[in-house]
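*Asks:* Whenever a hint applies, use it, and build me the whole structure from the sequences.
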Amino acid sequence: MFTFDLFWNALVAGALLGGFYAAVSLGLSITFGQLDIVNIAHPAFVILGAYIAYMGNEWWGFDPILTGLVAAPVFYAIGVGVYRFYYEAFERRDDEALRGLAFFFGVMFIVEVVLIMAYGVDFRSVQAPYIGGNWEIGTIGIPTRMFVPCMVSIAMFAAVYTYLARTFTGRAILAVSQDRLALELMAADPVRVKQVGFGLGIGTAAIAGALLIIIIPIEPSVGRLYIGQVFAIVVLGGLGSISGTLVAALILGVAESLVSTFYGPSWAPAVAFSVLLIALAVRPQGLFGR
Amino acid sequence: MTRFWIGAGAVIAIGLLLAVTDIIANSFWFFAAYVVLQYVVLATAWNIMGGYMGYVNFGSAGFFAIGAYTAIVLYNLVKAPLLVMIPLSGIVCGLMGLGMGYLTLRLRGVYFAIGTLALAVVLETLMVNWDYVGGATGAYVIRPRTLEPFGDYVKFLTFVMLVLAVIAVAAARWIERAKFGRGLHAIRDDEIAAECAGIPTLRLKLIATTLSGFLMGIAGAPFPLYVGFVEPASAFNLAYAVNAIAMPMIGGTTMWAGPVIGALLLGTAQQIANVTISSELNLLIVGLVLVLFVTLAPEGIVGLVRKYFGRGR
Amino acid sequence: MISLNKRGLLAGAAALGAAALIAAAPAKAAEPIKIGFSMALTGGLAGAGKSALIAMQIWEKDTNAAGGLLGRQVKLIYYDDQTNPATVPGIYTKLLDVDKVDLVVSGYGTNLIAPAMPIMMQRNLTFIALFGLAVNDKFNYDRYFQILPAGPKPITDWSRGFFELAMAQDPKPKTIALVGADAEFAKNAVKGARIHAKNYGLKIVYDGSYHPKTADFTPIVRAIQARKPDVVYVGSYPPDSVGMVKAATEMGLKTKLFGGGMVGLQYATIMTALGPKLNGIVNYDFWVPEPTLNFKGVEAFLKKYQTEAKGKGVDPLGYYLPTYAHAYLEILGQAVKATNSLDHGKLAEHMRKTTYDTVVGKVKFAPNGEWAKTRTLMVQYQGIEDNKLDTFAKAGTRVVLYPKEWVSGKLRYPYTEAR
Amino acid sequence: MTGETILAVEDLTMRFGGFVALDSVNAEVYEGERLGLIGPNGSGKTTMINCISGALGNYTGTVRFRGRDLGSLKPHRRTRLGIARSFQIPRPFRSQTVRENLAITIEYATGASGAERDDRAEEVLQSMGLGPRADAISAGLTQIEMRKLELARALAARPQLLISDEAMAGLSSNEVDELLEILFRLNESGVTIIMIEHIMRAVMRFSQRIVVLDAGKKIADGEPDAVVADPAVERAYLGD
Amino acid sequence: MAIELTVEGVEAGYGTVRVLHGVSLNVREGETVALLGTNGNGKSTLLKCIMGIVRPESGRIDVEIDGEKIDLVGLAPREVVERGIGLVPEGRRLFPRLTVEENLTLGAFRGAARALLSDNLAFCFEAFPVLAQRRRQLAGSMSGGEQQMLAIARALMSSPRLLLVDEPSVGLAPILVSRMIAKIKELKDEHGLTVLMAEQNFNQAIKIADRGYVIVHGEMALAGESADALRENELVKQYYLGTDL
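Protein chains in written order, with numbering that gives the first Met the number 0: chain L, 0 to 289; chain S, 0 to 312; chain Z, 0 to 418; chain D, 0 to 239; chain E, 0 to 244.
These aren't lab readings, by the way, just hints derived from the structure by calculation.
It is possible that part of the hints are untrue.
Claimed, not checked - Calculated lysine-lysine pairs in the DSS-like style (CA-CA distance at most 27 Å, straight line):
#1 Lys78(S) to Lys190(Z)
#2 Lys236(E) to Lys216(D)
#3 Lys393(Z) to Lys309(Z)
#4 Lys33(Z) to Lys78(S)
#5 Lys178(S) to Lys73(D)
#6 Lys206(E) to Lys216(D)
As the list claims (entries may be wrong) - The calculated label-pair distances, taken between Cβ atoms and stated as ranges, are:
#7 Asn75(S) to Ala299(Z): 43 to 53 Å
#8 Ala299(Z) to Ala157(L): 39 to 49 Å
#9 Ala157(L) to Gly223(E): 55 to 65 Å
#10 Asn25(S) to Leu341(Z): 42 to 52 Å
#11 Arg59(E) to Arg67(D): 55 to 65 Å
#12 Lys173(Z) to Leu94(S): 44 to 54 Å
#13 Leu94(S) to Phe6(L): 52 to 62 Å
#14 Asp136(Z) to Leu94(S): 47 to 57 Å
Claimed, not checked - A few chain D residues that don't get close to chain S, going by computed Cβ distances all over 10 Å:
#15 Thr12
#16 Tyr29
#17 Asp68
#18 Pro74
#19 Glu99
#20 Glu106
#21 Glu115
#22 Gly128
#23 Thr141
#24 Ala168
A quick note: this is a predicted structure, and the numbers were derived from the prediction, not measured.
Glycine is no exception: its CB is placed at the ideal position from the N, C-alpha and C atoms.
*Replies:* This is the structure in structure tokens:
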């Protein structure tokens, strides 16, 4: 059954969903795409962020997004710490590929278990004024629960993009994986640059986590569900391209939404991964790889 | 006959003896051994690609599950016996492995790993939507209660898994010593140099991925009979993918003994931890051990042993 | 749902320790009666599993305080199955062969009950299961009993009430949308609903399933809405139940009856999270604090439960699963007492013919081990105005509409107005 | 001195994006010859041998080995036909010992196995002076050892045509002489050799004929003295 | 206002291979000094030693800036850059997936250059108009000559007092080589840059150099001779074409 009404609505819903996916993928786009660190634990950090937002909301009634913003600097510091460890243990020894991957696997477990120990595995959710509302524009409905995270995500993209494009350290982050020595010849310290970049990536997880818990209830192992999706988006968008990540997230969101609406929701995830497989096979540098 | 084959023969003979007699009355040992042995096969299979050839497969769970689902199809179709299921599951997964081998043409390193992850998700979605094998609801496979001369059918399953484990390890050991294995090592070290040394890299990679897939398939084939009820979430359980990587990494990826040691240690410890300590702690320990090993003992237990007792090579 | 194997790793020392543990335990007189089971304490079903365990421990304590069974104390021996079916066979053989338990009951949920069945059948053990859906359809095992009040034909009995309610309306609904998660229970629930829909001549205008990890349900709800169904039947798990309800209220889903088989809406954490958004939904339930369901002992049990549950991150009210987790041990205990035996044949014999009195009311099993008669309640969420926990502990917020003997209020119809 | 054409390169062109690395190069190598291939940095020497060895398959033009068009034949097939190369930056199989490096190459490139393989490996080890390091893991070798291994591995393939890509860069005079001796000996045993080298002293001494590339084009082809006297070559090297 | 670089008896190499066997040279304020020789003789290694990329085994590398003497041995590359010495590396080493402008801005990462970003950018765009036209293009997609200009411009963005240039002619068509050399001369003449240029293209390099060194097998074969003297020296040709044997 096809109507234009449904089509436009699916498009809008998909774009909103994609906007949210983008927020979750942004951090990995920085750490994996720009810094060449396969941080498979990224979704675990997002979940950690979601729990922080939950705590703020549950204990003091803070707005989850606000909590996310406040937590971001703390996450930044955690990221810096994790990178230091990673650097000392793997990167400096030039031993990062497989063992680094396994390391982040371990980190993912540790984050998850700590959360399980602290909160159990019940689904948690938050309260906020924008959860539950819906705007009708003509025949198109926009749930505010999706709209607000999407907007925050785009704002976060804009902020990160501006930072990377406009500041010296930001530009160094963009360059560090392309030529480490050349960057040193620009008087930059690649290790410090990567440290800032990794911190930034993990910092976005605090906000992405807040958005996640606004959209769906969460429990500690939800993060694993996102590993594939998030990697799909980052690879699809092209490693090293922040804007590509945003576009890929939107494409994936819209694709899922369209398939969900017109074909059958149960095929939606397969569509995403099929697209990824095809992209990997045909164009490994991603849609917007440069 | 080498020492290895005498050992392998002895292991099978003792296994058979234990399985057909009641020396071990306690069938828990068989259930636990089944799981551990299944991991020996899975870890060994992973290591053929990951350790010998340097291609990381994140999708082991997908192969394991397709092995199990092939068995379910055969069960649903003709109530096929286990000894038919095993080779056919192996062949189906071997063909999947062949397909994955062609991925190596375009994908290296992390990209290949992500590609295998995506492959597993696509396969899971297919199984979820395929009602003939139970779809999301799951499929029941009723195993015979007994099989003579083993008595309890699970004793038989465990014995079969022991034989499969010996086959897998023998295959890995053969590869390690054969021209083929040396070729794989060369590919892991430098694919271009390998090609220029006259090594047909693509053909070797295809054989290795096919073989690895085949072994993962046979590890999964008896699974439906073991649990009796298979649904996608349990067959595609991430634990298989994680253990398939963690076990060789902890044991050591450079020789056949690594995955075996890793699987025996980690698998046994998991079986024990299952029935002793609180599970949240279990998971934390898996994470910590993995982090510890990859940071402090990158060559795994085999590497540590070599380091302290000379290079036994 | 991907449920990861949450296994642990121990050093060699622990292995030795465990071996010693296993080697010990020679039989002694007046040793406690050991009841073994696996329970999901981690993984996807851990929330429920933990709350069930609390209820079972209350029974253990109470029973022992009252002098135990057959003059012996009772002792629960359980292991975490991590919500992973692959661990279950190992756990039960360990319980039987190493711990030498006298009696066994199941863990929580179909996926974790089925893998234990071959072992039970192998050894002819009486097996009471906690919330398995139609497990025995495949095994046909005569010593299997099941506490979920679905009824003798679980697949269809599950949604029978929902359809009877729907068809009793005037004008009768003509079209229906079916939607469910791609997972075991939800599939079965929708399967049953599909059969009812056909039997009642309802036109199925939408029949879809979705991946349990779906983050946004808006497209699904909209696709349903576009078909303008009179009735929407949903089979879902907790996270997607929430997503579905949110999307439905946001979109202003226009239908006459909405709900059916949504797992999770019975949990206190989810009810308080959704609050007024629940109004109007008609969903299955097993026990609600309505006057018609005030069975003997239930209030006392809940009080104990609610005290125990505090701060443990589990369901704070304990209506849904804990009552039944208590009840299935009550039945086991009563059977042991009545037969004065731990003989599994005698116990099964007793269970087949007896009506038990428990905190969830009278329980009588059908020959296939299911409840002889369905008591899957259909309740409607009514008059909810806030997100407070107390709201849901009051009578009147979840009104029983089915089966007749337990009815405690009236259906507000259609959904669009009940909301 | 020289026999029939063993290798013929016809109109060989290789583009990377818009950059033309090789521009219609024609050249021949004769059986038993010692050919020097020289040119300033970036002139296309390495690209040319990548095309000959098959590492780059998408060139246009023809590469013939003993009259046979190699087309899109993969590198390992070319190695088996008798074209072996060493890499400018050594690429040993790092986790293997020196002996294993050679053994792998011998068994794959020549099909020899067992004792025959081991004997040949030993032979190559000795001829390259790598005997004492035979059982060292190759990742731990010194630069000169790595370069020797690189050459040894190419020899292990029993080539009829050996392409040595800057085997001597960074070596001391003595070491250069040592490698030159090895190459001379090899040539005497009948192997045709193409030597790419920046160390002019070595090229001049070794080569019977020299081909000069500059900016992807062949600018000279002839006897060493004549080539050096060629103003075009002087221009290429010393600049305009 | 003066800068002077002094290298004395530097020995260096990679692993066990020694590439430089006691090399000395010096560069004074305002000079353009050519470091000549064919490939593989150690020109790049010497520049790398100065920049701190390769650590010499022995010898001294000092720079005197406005009367202050700094020992460069042991400093990390970025610390050398911070002291006002820039390198246009061999092979250009641009950031291929960044735009021309991004590459240039990164050049101004150095603390002392940040404030001068817009001035320096304007200067570079004026000096290399082609870069201004292509400011939004990815560096990796440009031609070799354009890339080389970008590499030089990028090094200039750090406002260096002394610019080291490693093989600006590599991979360039002859016409571009002379243009590149002319550009370096122009920069030097108009802006008083001090330049040490390693170059294999003798004839081109000598056109703009005040003095030159010829390095052969890691030793200074001809040291510090004036450009004219080198041009006349028959030994040069021998070194280059290996006819000394």
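*Asks:* Evaluate each hint against the coordinates.
*Replies:* Going down the list of hints, with the structure as the test:
{"no.": "1", "hint": "Lys78(S) to Lys190(Z)", "result": "holds, 25 Å"}
{"no.": "2", "hint": "Lys236(E) to Lys216(D)", "result": "holds, 23 Å"}
{"no.": "3", "hint": "Lys393(Z) to Lys309(Z)", "result": "holds, 19 Å"}
{"no.": "4", "hint": "Lys33(Z) to Lys78(S)", "result": "violated, 38 Å"}
{"no.": "5", "hint": "Lys178(S) to Lys73(D)", "result": "holds, 20 Å"}
{"no.": "6", "hint": "Lys206(E) to Lys216(D)", "result": "holds, 25 Å"}
{"no.": "7", "hint": "Asn75(S) to Ala299(Z): 43 to 53 Å", "result": "holds, 49 Å"}
{"no.": "8", "hint": "Ala299(Z) to Ala157(L): 39 to 49 Å", "result": "violated, 59 Å"}
{"no.": "9", "hint": "Ala157(L) to Gly223(E): 55 to 65 Å", "result": "holds, 56 Å"}
{"no.": "10", "hint": "Asn25(S) to Leu341(Z): 42 to 52 Å", "result": "violated, 20 Å"}
{"no.": "11", "hint": "Arg59(E) to Arg67(D): 55 to 65 Å", "result": "holds, 59 Å"}
{"no.": "12", "hint": "Lys173(Z) to Leu94(S): 44 to 54 Å", "result": "holds, 49 Å"}
{"no.": "13", "hint": "Leu94(S) to Phe6(L): 52 to 62 Å", "result": "violated, 39 Å"}
{"no.": "14", "hint": "Asp136(Z) to Leu94(S): 47 to 57 Å", "result": "violated, 34 Å"}
{"no.": "15", "hint": "Thr12", "result": "holds, 22 Å"}
{"no.": "16", "hint": "Tyr29", "result": "holds, 23 Å"}
{"no.": "17", "hint": "Asp68", "result": "holds, 20 Å"}
{"no.": "18", "hint": "Pro74", "result": "violated, 4 Å"}
{"no.": "19", "hint": "Glu99", "result": "violated, 7 Å"}
{"no.": "20", "hint": "Glu106", "result": "violated, 5 Å"}
{"no.": "21", "hint": "Glu115", "result": "holds, 13 Å"}
{"no.": "22", "hint": "Gly128", "result": "holds, 21 Å"}
{"no.": "23", "hint": "Thr141", "result": "holds, 18 Å"}
{"no.": "24", "hint": "Ala168", "result": "holds, 18 Å"}
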